[in-house]
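Could you slot chain P onto chain C? The hints should help.
There are 2 protein chains.
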Amino acid sequence: MQINVPQMAESVVRSERRGVAKAITLLESTRPDHRVLADELLTALLPHTGKSFRLGLSGVPGVGKSTFIESLGIYLIRQGLKVAVLAIDPSSSLSGGSILGDKTRMERLSMEQDAYIRPSPSSCNLGGVAEKTREAMLVCEAAGYDVVIIETVGVGQSETAVANMTDMFVVLQLPNAGDDLQAIKKGVMEMADLVVINKADIDPVAATRAQAQITSSLRLFAMHGNPEHGAHDAASQKAQWQPKVLQISALQGSGVDNFWNTVQEYRQINADNGHIAQRRQDQSLAWMWERIDAGLKQAFRQNAGVRDSLPQFTEQVRDGKIAASTAARQLLQAFQGQTGL
Amino acid sequence: MQINVPQMAESVVRSERRGVAKAITLLESTRPDHRVLADELLTALLPHTGKSFRLGLSGVPGVGKSTFIESLGIYLIRQGLKVAVLAIDPSSSLSGGSILGDKTRMERLSMEQDAYIRPSPSSCNLGGVAEKTREAMLVCEAAGYDVVIIETVGVGQSETAVANMTDMFVVLQLPNAGDDLQAIKKGVMEMADLVVINKADIDPVAATRAQAQITSSLRLFAMHGNPEHGAHDAASQKAQWQPKVLQISALQGSGVDNFWNTVQEYRQINADNGHIAQRRQDQSLAWMWERIDAGLKQAFRQNAGVRDSLPQFTEQVRDGKIAASTAARQLLQAFQGQTGL
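From first to last, the protein sequence lines stand for chains C and P.
full-length UniProt numbering numbers the first residue of the first sequence as 1 and each following residue consecutively.
full-length UniProt numbering numbers the first residue of the second sequence as 1 and each following residue consecutively.
Here chain C stands alone, though its shape is the one from the complex (with noise of 0.2 Å):
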C-alpha cells in the first residue's frame, strides 16, 4: 500500500474508520520501513490522545466478558459516546484468534456507528502483543474514542499488560468465590479497582458470600487504592479509591448502569487526587522500559557468542553445577566480548 503519514493522522483524527482501521494495520506491521513510517505516525498522533477513558477488563472463559461488554457498549453509546474495544489474547495466533475481538461475538455492538471492534494483534509473544494494542489504543484515542475498553482473558501474564496500559482495571468473576476464583491466575484479582460479580442472578447468596469475602481479602492485599505515594496523598487530603466489588446479571441487562455509575466514581475520585495523571505517566515511562528490555534481551539472545554457550550455561544452572551469578557474569562478558578482568 501506498502510506501518506500525515494524510493518514489526519484521516485518523477526522475519525474516519478506515483510516484508523489503516493506521493500526499499519503499526501491526512487521516491516522495518512500515515500523519507521508508524513510529512517525503515532508521534503525530500523540497530541490528540490522552482524553478517552481506559479501561482493562479481565476474566476468563466462561465468565459472560463478552456479553457484558456488548451490553456495557451499547449503554455508552445511548449516553452519546464512542467506544472502541480492544483485545490481548497472546494465545491468538497459535489458536487462531480463540475469544477475543471476533464481531461475531459482539454482533449488535459491532453494527454500531459509534464502536469500534478490534480483534486481538496476533504475534508469538505477549510483549510483541501488548505493544500492538498500546499503540492501537493510542490511534483510537486520537480518532475520539471515549472509552477504550481493553479485554483480556484472565489466564495468563496479559492481565498485567492490561492494567499497566489502562486507568481502570476491573475483574469480572463469577458468584461461586471458592472454585470458581481458582481459574483467574493468582496475582490478578490484587490488581483489580473493581471486581464484578457477575451472572450474580444464578446464586444470589453465593454472590453476596463472594462479594464479602473479595471485598475483605482486597481491603487487605490489594495493589491499587492504596498507592505508595502516601506522603503526598495524606498531604493533599484528597479522597482515596478504595477498591470495591458489585454485583451485576449482564444478561438482564441489570447492573450496566450501577457499573458505570461506579466507574464514574472512580474517575472522579482519581481524576481530582491525580492519580489517573501520575498512573499515566508512571505507566509509559515502565513501558518504555520494558521496551527496551526485550530490545536488550533479544540483541542478547541473537548475539553468536552468547548462543553457542547459553544452552549449556542453562543447563549447568539447572542442575546446580554453576552459581546462576556466575554463569550470568560469564555471559554476559561474552556478549560483550570482554576479557574477564
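No lab work stands behind these hints, which were simulated from the structure alone.
There may be inaccurate statements among the hints.
As the list makes no split between identical chains, a pair holds if one copy fits it or if it spans any two.
Calculated lysine-lysine pairs in the BS3-like style (CA-CA distance at most 30 Å, straight line) [unchecked claim]: (1) 82 - 321; (2) 22 - 321; (3) 244 - 51; (4) 297 - 186; (5) 185 - 244; (6) 297 - 321; (7) 238 - 185; (8) 186 - 244; (9) 238 - 321; (10) 51 - 22; (11) 51 - 238; (12) 51 - 82; (13) 82 - 22; (14) 51 - 321.
Then chain P, alone, in the frame of chain C:
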C-alpha cells in the same frame, strides 16, 4: 589479603567460622580480580550446597523479628542444628545498617557456637545486595548450616528478592490486622507460605480476628500454595501445601515449637511433591536472567549514545510528546549504533 581459593573452599567446607567470614567478604568485594576469584570459589563450593533449609522472613520494624529469630535460632541449636542468619536491607548503605544483622541485636544467639550471624551487605542497589546475600547463603550451606534464615524488613522490594531465593517465605504480622497490614508493602503478604501473628498475647481477640481474615484472603489470593504446575500436581496425586496463619508470642517463647513444626510439615509436603526442588531450579534460572537483565541495562545506561539522549527521551515520554515504544526503539538504535532501517 592473599587469597588461595582451594584453601578457602576447604576451610568453608570444614565449617571454620573464619573461613566462612573470609569467603563472604571475598564475595562482597567489588574489585574485578576478587570477582573472578569469588566465582571460582562459588563453583568449588557448589557441590556442597543445597542441603540446608532456606527460610525467608519478613516483617516491618516493631513486629518483633529479632526476638523471634533469636528464640527460633536458640530453639534450633538446642535440637542439634546449626543456624545461619543473613539479611537483605538495601537501606543499610544509607542508614549505616539501620535494623538488620548487627550482633548486639541478637546477643544470646550470637554467642552460640552453632550460630552464624552476618549483617546485610551494603550496596547502592537491591540487585547487588540480593546477589551478595544469595551467594553468602551458598557459602553457609557449604559450611554445613542446617537452616539459613534470610530476613528482610517488609517495606520494599527486598521481599520479592528474599521470597525468590528461599524454600519458604514467612511474614510476621502484628495482631491488629486492619491498620498494621497497611505498614507491610502491598504485594508482600500474597507471597507468604506462612503468616505468623506475633505478640498475639497483646490482644488475643484481634489476633484471632486477623488470623481468620488473613487465612481467608490467602485462600483467595496467595501466589504460592496453588502452584501453576497444576496438571503435574493433579497427576502426581501428592499432597499440596496451603498457606497457613499461626499465632505466637515470641517474647514468652511460646509458639516457637509450634512454628517449627509447621515449617517441618511444609518442608515434608513440598519435598515429597517435588516443589522445593522445582522452586530451587526455577529460582536459579530466574536469578541468572535477572542478573543478565541488570547487566544489560547497566551497559545500556553507560553507552555514550544512550547517555546523551536518555534524559530528553525520558522527558518527552513523560510529557506525552513521543510514544513510549517509539522512544524505546530509538534508544535501542542508539545503543546498537544502527541507522534506522
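Which earlier hints can't be squared with this structure? none
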